[in-house]
Amino acid sequence: MIVSASRRMKSKASPAREMYEGPLFRMVKRFCEAKGYDYAVVSPKHCLVLPDELVEPHSDVNLADEKVFGRLQEKVLSRLKEILPRYDRVIIVAGTRYRELLKPVWDDRFTYIKASGYGDMVRKVKELI
Numbered sequence: 001m002i003v004s005a006s007r008r009m010k011s012k013a014s015p016a017r018e019m020y021e022g023p024l025f026r027m028v029k030r031f032c033e034a035k036g037y038d039y040a041v042v043s044p045k046h047c048l049v050l051p052d053e054l055v056e057p058h059s060d061v062n063l064a065d066e067k068v069f070g071r072l073q074e075k076v077l078s079r080l081k082e083i084l085p086r087y088d089r090v091i092i093v094a095g096t097r098y099r100e101l102l103k104p105v106w107d108d109r110f111t112y113i114k115a116s117g118y119g120d121m122v123r124k125v126k127e128l129i
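Reminder that position 73 of the sequence shown reads as 73 in my numbering, one-by-one numbering, no gaps.
What the hints contain is simulated information worked out from the structure, not anything from laboratory work. Be careful, since some hints might not be right.
Unchecked claim - Okay, derived cross-link-like pairs now, DSS-like style, lysine-lysine, Cα gap no bigger than 30 Å in a straight line:
# : residue 1 : residue 2
1 : K67       : K10
2 : K126      : K67
3 : K35       : K114
4 : K45       : K29
Computed from a predicted model, the values in this text were never measured in an experiment.
Make a model of the complete structure from these sequences and hints.
Now the structure itself:
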């Protein structure tokens, strides 16, 4: 699974699995760890990180800025290409802009949870898991 980072986070450097404190992130983390599924976090600041990687707290990054988006996309895709060959299925739990980051490598392995906003996404993930 690839889940988006949450705005709520710890105030000091922590492993990615501990840094993010939003309800959606926590649900996905608990589910993946209980089932033994791998997951990664797509972060506007840290790119694509694995749960044990140390990350610093950060403020919001404007993904609407095309230059910022382009730099982030390049880094995310580079990292994703390293790990993607290991997987037959990739579930994305993230909003539209984060999914757009993945477009260049999106193929039939990818699926996502359709939702009309954060609250709807939380509700749907809760129903699914």
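Open item on the list: Taking the earlier hints as the rules, which of them does this structure contradict?
Closed with: 2
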